[in-house]
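Undergrad: Residue-level listing of the chains:
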Amino acid sequence: MEALQNRFLAANTQVLGVSIDSIYCHVNWAMSLGGISFPLLADFHPKGAVASSYGLYLEDAGIDDRATVIIDADGVVRHVSSVTPSGKRDIAELAALCEEVNEAHESTLKSFPDPPGLEADTVLFVRSNCMFSTNAVAALGNLHIDTIPIRNVSEDPAALADLEALAGKGQAPCLVVGNNSMHEAADIMKYFAERTTDIGG
Amino acid sequence: MISVGDIAPSFTLKDHFGRSISLDMFKGRRHVMLLFYPLDFTPT
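So the sequence lines, in the order shown, correspond to chains U and E.
Counting in our numbering, the first sequence runs without a single skipped number right up to 201 at its last residue.
Counting in our numbering, the second sequence runs without a single skipped number right up to 44 at its last residue.
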């Protein structure tokens, strides 16, 4: 799954997955596949609205078709195909199509600025049996980041003491970066993605 | 269904990191391949 992204990025093509599932369903599914860092978009509410605008929402079944749309950097549709929900995409064929689209544009494309990366003194504090902690850890997994210490305050009294000293309270999850702390899992997930990928929000 | 040559409908959706991702942010920078699929936790 993840190898896919690099192959397409080489042709200046951003891969975006789209289904009617929620963000948190995407988080866990992506983890079950070994981690997915390219965006999985939640066309969740109103359900299937974007798929409908492309004519790819299957009203009766309440799901999206398994379909691929290639859009060039000018915003023009260059390819549309469906393999039906139970079918399988031909990735090699799609990669060749993207390379073809890219050939006409390559010289005029601007690149995204490089992401700033994570600070050296970043620590993620989590607790057990907490879905917010699980989601924060999953974001690291999906981004393939293994350089951030993860400390569990439910299991490690020293971690709890350190968290209280750093953040003023023992509430987890908490992302501590230097003198700053962040408690909302949603903010933590976004922070990781924005600091490490070039399409930051 | 949309067709080749159409202007792609614009959109802004949240991704699985909670970022707002819009089609417009890629304009002039990258081509976009949208992979629509039925449901998470089903064969890809």
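Check before you lean on any hint, since a few could be wrong.
Claimed, not checked - Reference listing, derived: stretches of chain E covered by chain U, where coverage requires no fewer than 3 residues with Cβ under 8 Å from a Cβ of chain U: (1) 1–9; (2) 13–23; (3) 33–41.
Claimed, not checked - With a straight-line cut-off of 16 Å between C-alpha atoms, the simulated EDC-like cross-links for lysine to aspartate or glutamate are: (4) E:Lys27 to U:Glu106; (5) E:Lys27 to U:Asp198; (6) U:Lys110 to U:Asp198.
Claimed, not checked - Which chain U residues stay away from chain E? Per the calculated CB distances, all over 12 Å, these: (7) Thr84; (8) Val123; (9) Arg127; (10) Asp146; (11) Ala165; (12) Thr197.
No lab work stands behind these hints: they were computed from the structure.
We put the beta carbon where it would ideally sit given N, CA and C, even for glycine.
Undergrad: Each hint needs a verdict: does it hold in this structure or not?
TA: Evaluation of the provided hints:
| no. | hint | result |
| --- | --- | --- |
| 1 | 1–9 | holds (count 9) |
| 2 | 13–23 | holds (count 10) |
| 3 | 33–41 | holds (count 9) |
| 4 | E:Lys27 to U:Glu106 | 13 Å, holds |
| 5 | E:Lys27 to U:Asp198 | 14 Å, holds |
| 6 | U:Lys110 to U:Asp198 | 13 Å, holds |
| 7 | Thr84 | 10 Å, violated |
| 8 | Val123 | 19 Å, holds |
| 9 | Arg127 | 20 Å, holds |
| 10 | Asp146 | 17 Å, holds |
| 11 | Ala165 | 28 Å, holds |
| 12 | Thr197 | 8 Å, violated |
Hint compliance for this structure: hints 7, 12 are not met, and every other hint is.
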